[in-house]
Amino acid sequence: MDALSWGSIFAHSVARFWPVWIAMVATFLLSVRYKRHLGLYGKLYDSPVGMVGFGIVLFWIFTAIFANAIITHDPLKVLSGMKNALPGSPAKGVPPEAYQYYLLGGDNGARDVFSRMVMGAREVLVIAPAATLFAFMVGITLGLPAGYFGGRLDTVLSFIANLVLAFPVILLFYLLVTPEIVQTGIPTYLAAVLFLFPILFVVVLFNSRYFMVPARRNLYVGIVLVIGFWAYIGLAFDKDPLGVWHMDPNLLNVFVSVVFVNSPGVFRIVRGMVMDIKARDYVAAGQTRGEGPWYIMLWEILPNARGPLIVDSCLRIGYTTILLGTLGFFGLGVSPESPDWGSTIDDGRKLLNLFPHPALVPALALMSLVLGLNLLADGLREESLRD
Amino acid sequence: MFPFVLRRLGLMLLTAFVLTFAVFCLTNLQPNLEKLARSEGSVRMSDDAIASWIVNNGHGGPMLKRYGEWLGVVPGWVRTDDKGVTRGRCIVDGSDPAQAATYCGILQGNWGYSTFAKVPVTTVLGRSLGHTGWLMLAVMVVMVPTALLLGVLSGMREGTRLDRILSTLAIVTTATPEYVSGVIFVALFASATVGISPHLHDWGWITEKTLFQGTATSAMDDITWRNFTLPVMTIALYGIGYIARMTRASMTEVMTQQYIRTARLKGVSFRQVVMKHALRNALIAPFTVIMLQFPWLLNGVVIVETLFNYKGFGWTLVQAAGNNDINLLLACSVVAVFVVLVTQLISDVGYVFLNPRIRLA
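Residue numbers (this note's numbering), protein chains in the order written: chain A, 239 to 625; chain B, 1088 to 1448.
Derived from the structure by calculation, the hints contain no laboratory data.
Just so it is clear, CB atoms sit at the ideal spot from N, CA and C, and this is done for glycine as well.
Possibly wrong hints are sitting among the right ones.
What the hints assert, rightly or not - With the Cβ distance kept under 8 Å, some of the chain A side facing chain B (calculated, not the full set):
#1 Thr422
#2 Met605
#3 Asp616
Using the sequences and the hints, build the whole thing.
Following this line, the structure appears as structure tokens:
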């Protein structure tokens, strides 16, 4: 069997992504059809830059979702004789019903680069948005009172935030993401603190909203507390009695470090915006009506700060992706077998001069995802400033 | 101005103490010390032996006391073992314990010994900082003028095609972390099998096999175009986009000001307006950004030095962390924290200095 030419490699790869194309076309058609009813998301379709960015991001999201259908080989399976195989090489020794080519070649461990890249999207797109979400919860929960009350609370919290921001990220990773540190339990303590914030945030959110309707408040807060602490025990301490919530210790370490690094940035943005917004008339009106401070912060200030926060969240997911890649690049990531993009770039760079494809494929994938997120943020900013 | 600088300095010192203490705690964790005991003593030590090795080598006791010793504000430890040999933090092996100094921390200039390289930390650090200094200098020379030029060009006429192209370019470079651009550059320019080098070689344009070298190891002795271009480009590229975007934002803001319109209506040519009226005001904000970019450059330096095998500061940091070389890692951290804090101070003070509208009592 002959190796594929570049044209047919491209055609075959595009064809492998068929579920993604269908899902993307469906999303775009539906969104354009109903864009007048979709708020800021609908307006995104008026900005070419935002649309291109959204398209790229959507491509990777659907790739992560349909990864099982797209991959051509098991991303961990080694085929003998396929070590550093060039793109388009026919796969040796596979059963006839299996896929017959290594579309983007084989890596140094004779695994399929294409499948690893696709599976890597799943790794990255699960961790990066989740870590960003957690960082936002921490940053918002601390930034709102710091900006609203000011005073000593603000001084202390800002000092701590600046402390973390002054720490060179790479150094922090080298100190926090090591096998030794898992033994000391520091990631668990850090997780125990950081993972409390999402629960706290949602509880305060419901409590302040339904404070005057105790029956509903008790119901909502109760549900949040039960589910929250169930997940909390499972994720932070790995002691979930039912075994639903679980996080690998290494993954927990990476996750916690990334949240820790990102939170102070969110804190600063939220604090600055609250200080700006709290001088507005509607906040004064709320105070005069006798509304509680948390109700004003969470239900009056926060929704009015959403524009910049949404833009920042897009940029921050991209930044988190870069951070995760950095961790993988230094071999500090999850497991050495893991197909995440940073680790595969690190694997591939040793033979970069001779066989660039194992490193180049995940590198371009990572770059395109971050580029998409940046373009999306740019488009969102443009559209949210328009009105 | 003076009280402001003083207050900033005070805050900076406090931050430095807290950060170095945090680093000290994280590098001197019990598992790290046990690992150190195994590598310094013997691999087959029993748990009791490890515990006594840690205590006998001054790694026992409260963390705050050890931090004080390392800093040089608490007397260094002295211990006489059962054979009657007195050893201590300040006692050089073989010398008379009575003559040793009481305090010997980094304040006294004693940075300790690198357990992996078997030389004083200052030697290793001095050499690697020298290498990184050249790299940073080259990066700055490339990055700052390019970024400012791109930013000013795209900001002076907002919304034009040139602006669109340059802005998109800036977004692309900020989306390309160093480990990605480095890999792409090496594949494009420094590979004998792919990229443009084989073609250039075939056409006889270059005598060597590749246009640039994929490693910068030889640049430590002799910096040439071939071995230094790719590392410098890789670090600079990521910063260029960011600084250019900031410059553009600042430039577009300045170009909408009243005095620019007045100058235009007076009949001053566009070129004159940009050069004489806009540029100076537009470059205040990017100054801060460039200064705050230093911590980022540190990130890039670590990645690029690892990728191109250039034995500078970043490479040393990675090695120190990998080899559990506690003293060296601590020294690297102090340098990194120091660089970050000093650039923050310079950016704050410089901003006040450059912008006459800000007056601090």
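Legend entry - Those earlier numbered hints the structure runs against, lowest number first: none
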